[in-house]
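Q: Each chain, written out:
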Amino acid sequence: MWNESDNEILDRILETIIPPSKDGKIQSANNIIIRDKIKNEVINDNKLKSLYQHGMQYFKQMLILTAKELNNIDLKKFTYLIRKLEDQKPEFFNYILRQTYIAYYIQPSIRTHYGLSANPPHPEGYNVISDTVEEISLLVDPVIKRGSCYREYNEIKVET
Amino acid sequence: MINEPVDILIVGAGASGAAIAYSLSSLGVKILCLEQGSWVNHNNFPSTKTDYEFYRYSDFSCDPNVRKLPEDYPINSDESPITPVNFNAVGGSTINYLAHWPRFHPSDFRTKSLDGVAEDWPIEYATLAPFYDLNSTIMGVSGLAGNPAYPFYEPTLPPIPLGKLGNTLARGFNKLGWHWWPSDTTILSQDFDGRSKCVNAGTCDLGCAAGAKASVDITYWPLNLRRRVELKTHCRVREITLKKNGMADGVLYYDNKGGLHEQKAEIVVMACNGVGTPRILLNSKSSQFRDGLANRSGQVGKNLMFHPLSNVVGLFEEPMEGFKGPMACSILSQEFYETDTSRDFIRGYGLHSGRFTTPMTYALGGYGTDKLIPWGSEHRRIMDEIYPFSAGLTVVTEDLPSESNMVTLDEELTDSDDIPAPKIYYNVGENTRKMFVHGEARAKEALIAAGAKEIISPGGEVLYRAGWHQLGTARMGNNSERSVVNSWGRSHDVKNLFIVDGSIFVTSAAVNPTCTIMALALYIGENIKKKAANLFD
Chain A
1 MWNESDNEIL DRILETIIPP SKDGKIQSAN NIIIRDKIKN EVINDNKLKS
51 LYQHGMQYFK QMLILTAKEL NNIDLKKFTY LIRKLEDQKP EFFNYILRQT
101 YIAYYIQPSI RTHYGLSANP PHPEGYNVIS DTVEEISLLV DPVIKRGSCY
151 REYNEIKVET
Chain B
1 MINEPVDILI VGAGASGAAI AYSLSSLGVK ILCLEQGSWV NHNNFPSTKT
51 DYEFYRYSDF SCDPNVRKLP EDYPINSDES PITPVNFNAV GGSTINYLAH
101 WPRFHPSDFR TKSLDGVAED WPIEYATLAP FYDLNSTIMG VSGLAGNPAY
151 PFYEPTLPPI PLGKLGNTLA RGFNKLGWHW WPSDTTILSQ DFDGRSKCVN
201 AGTCDLGCAA GAKASVDITY WPLNLRRRVE LKTHCRVREI TLKKNGMADG
251 VLYYDNKGGL HEQKAEIVVM ACNGVGTPRI LLNSKSSQFR DGLANRSGQV
301 GKNLMFHPLS NVVGLFEEPM EGFKGPMACS ILSQEFYETD TSRDFIRGYG
351 LHSGRFTTPM TYALGGYGTD KLIPWGSEHR RIMDEIYPFS AGLTVVTEDL
401 PSESNMVTLD EELTDSDDIP APKIYYNVGE NTRKMFVHGE ARAKEALIAA
451 GAKEIISPGG EVLYRAGWHQ LGTARMGNNS ERSVVNSWGR SHDVKNLFIV
501 DGSIFVTSAA VNPTCTIMAL ALYIGENIKK KAANLFD
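In the order they appear, the protein sequences are chains A and B. Quick note: the first sequence uses this note's numbering, first residue 1, plus one each step. Quick note: the second sequence uses this note's numbering, first residue 1, plus one each step.
Any given hint could turn out to be false.
[To be verified] Simulated coverage check for chain A against chain B, where a stretch passes if three residues somewhere in it have a Cβ under 8 angstroms from a Cβ of chain B:
no. : region
1   : 7 to 19
2   : 107 to 115
3   : 125 to 139
4   : 144 to 150
[To be verified] Per label pair, the in silico range of CB-to-CB distance:
no. : chain 1 : residue 1 : chain 2 : residue 2 : range
5   : A       : I43       : B       : Y153      : 57 to 63 angstroms
6   : B       : D344      : A       : I64       : 56 to 62 angstroms
7   : B       : L69       : A       : K68       : 45 to 51 angstroms
8   : A       : D45       : B       : I2        : 40 to 46 angstroms
9   : B       : E154      : A       : L48       : 52 to 58 angstroms
10  : B       : V437      : A       : E124      : 40 to 46 angstroms
These aren't lab readings, by the way, just hints derived from the structure by calculation. Just so you know, these numbers come straight off a predicted model, no measurement behind them. Note that beta-carbon positions come from the ideal geometry of N, C-alpha and C, so glycine has one too.
Turn these sequences into a full structure, and let the hints guide you.
A: Structural data, given as structure tokens:
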């Protein structure tokens, strides 16, 4: 059910969903790890397999109608085709989109780009500088000076 | 199977069940707690795994309808813009809660007398104050004494670091002359009672592998077990059984192989949260209680309150490092907490400065929604130019009780033991909507005062997975026609049935409720002990 043309089309879809940064420092979602993650999920789940086949078949038909080779379709046209896919096959497209986001942002290189650790957050965690007592006192001083800001009440008979 | 009778049977090993078990354990009687979940292994929490973020959308989702673990029961939220979230295990939702620990204000107990809305509680702030304190010493509360929004109290430990985000926002509040204060939290700022301090991993919702976040499986339950409270896991209670004299006889429950057990008890204590408790009561029908146990008032399941909330985000010039540090706790402004008659709404709200989140969670729509951010070039722009520079304020509103907001039993949906699932009927009230308009505008002001260059406002849209706080569905009161339990948690109708979880709240306040739920459970435990000689009079 999965052939080389699927790989090429999916790679192009992935790259369009999450493109690289303009300076090229951050990669797009077009990589073999993400594609294989989606592929493995699809081929091991009958419901997903059916969803994928119908969605991909629709997309391939749209490509045929463009009468162009995949590599000759420019970004604008390809983006238009994906928007049409999103509109006409929302369940399939949302599956691809969600899986792409998950697989992309789980990559250590992407995490570190955003300042997170490449490793699990435990046990190292992150360094957050503790405020000294003096620093906090200085910050809350204006709040204290304004006085209490809750309502006191006298003993009220409760009727409930 | 018929089990050996016990003196006190507690249903649920979460926050309230753990607290009342601790309180009652000094009686030296036979106490058994039944929990539908199991113990969780802290060494195996998602935050120790490389793909930790993914667990938010699978086994560690806060939503039982996503998680679908064997111990979970489904919840039908088709008629609600907010769905209840929870965790079913020893420790309950303290396993995945965010550990924010604000107390109620004194006025929260007197909304009818002070503001003419809802009902007054049959107890007051001063009643609970000693139990707030006791609970703090067991859970380990970090915070700063002297908060002018409260009568004086002293947290156990110093506050957790405000972080870059908290510091920035605090300066904004100061510019405006508004109240703010470092958040009280059960996340440790220092090593305490054998637990290590917070490492700022930012994954509180995925369980705290450091043990810095107090979940009751690592605070109360070790104490309870040492005091010979028995805890049985994988026990899902179907119904409470009745004696001919109208007293509770015990419960029927299923083990995890589907075996049905009968457990008799002299006293039954319900601690299953504001959805789980009315579910079991409504499912306990008999000739004496045709509309569900302890429901002669017709109030069981009614008056469901959440805390509808929305996030207002500001964009700053520098990266805000929002993924570092405890997720929900940095600073809290209660400038607009109390009623101000010049506004067009009653009661008030808090502005909570949580931290931000990780890239995957942000791309998938943030915490509590399923709305993915756009794809294509816009995706790149959002993730590179917005996400790192974002800091948010969450408007957490007081939800007023309404009988039309309720938990009922679904006629078709069941759990794996064929027990009817809860069905939620809920609408966000007009008063709350007005609070959102006011709150989002004030949040915007605060963020701009703190230096934000641009604001992203949700326009009153509430988060779907915001049903953490399930309150009011078996409320306290002195009037048995308007409430389910009395001023110390005993059912008006069934004299040996107690309820100790969030369902007994009369009003919701505008703060996270776990601190008050546990103080209430300790207070009820103390009353049971004091009145032991004539408990059923």
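Q: Has the hinted range 40 to 46 angstroms been met by the Cβ atoms of V437(B) and E124(A)?
A: holds, 43 angstroms
Q: Take the C-beta atom of L69(B) and the C-beta atom of K68(A), compute their distance, and say whether it sits inside 45 to 51 angstroms.
A: For K68(A) against L69(B), whose Cβ atoms are near 49 angstroms apart, the range 45 to 51 angstroms holds.
Q: Given that the region 7 to 19 of chain A was listed as covered by chain B, double-check it with a C-beta distance under 8 angstroms for 3 or more residues.
A: Result for this restraint: holds, n = 4.
Q: Quick check: do three or more residues in the region 144 to 150 of chain A have a beta carbon closer than 8 angstroms to a beta carbon of chain B?
A: holds (count 6)
Q: Can the suggested window of 57 to 63 angstroms be confirmed for the beta-carbon pair I43(A) and Y153(B)?
A: holds, 59 angstroms
Q: Is it true that D45(A) and I2(B) lie within 40 to 46 angstroms of each other by Cβ?
A: Since D45(A) and I2(B) have Cβ atoms about 44 angstroms apart, the given range 40 to 46 angstroms holds.
Q: Kindly confirm whether 56 to 62 angstroms is satisfied by the beta carbon distance between D344(B) and I64(A).
A: 59 angstroms Cβ-Cβ, so the 56 to 62 angstroms window holds.
Q: For the region 107 to 115 of chain A, count the residues whose Cβ lies under 8 angstroms from any Cβ of chain B; is that count three or more?
A: This one holds; 5 residues, not fewer than the three required, reach chain B with a Cβ under 8 angstroms.
Q: Count residues of the region 125 to 139 of chain A with a Cβ under 8 angstroms from any Cβ of chain B, then say if the count reaches three.
A: holds (count 10)
Q: Should the hint that E154(B) and L48(A) are 52 to 58 angstroms apart at their CB atoms be regarded as holding?
A: holds, 55 angstroms
No hint from the list above goes unmet by this structure.
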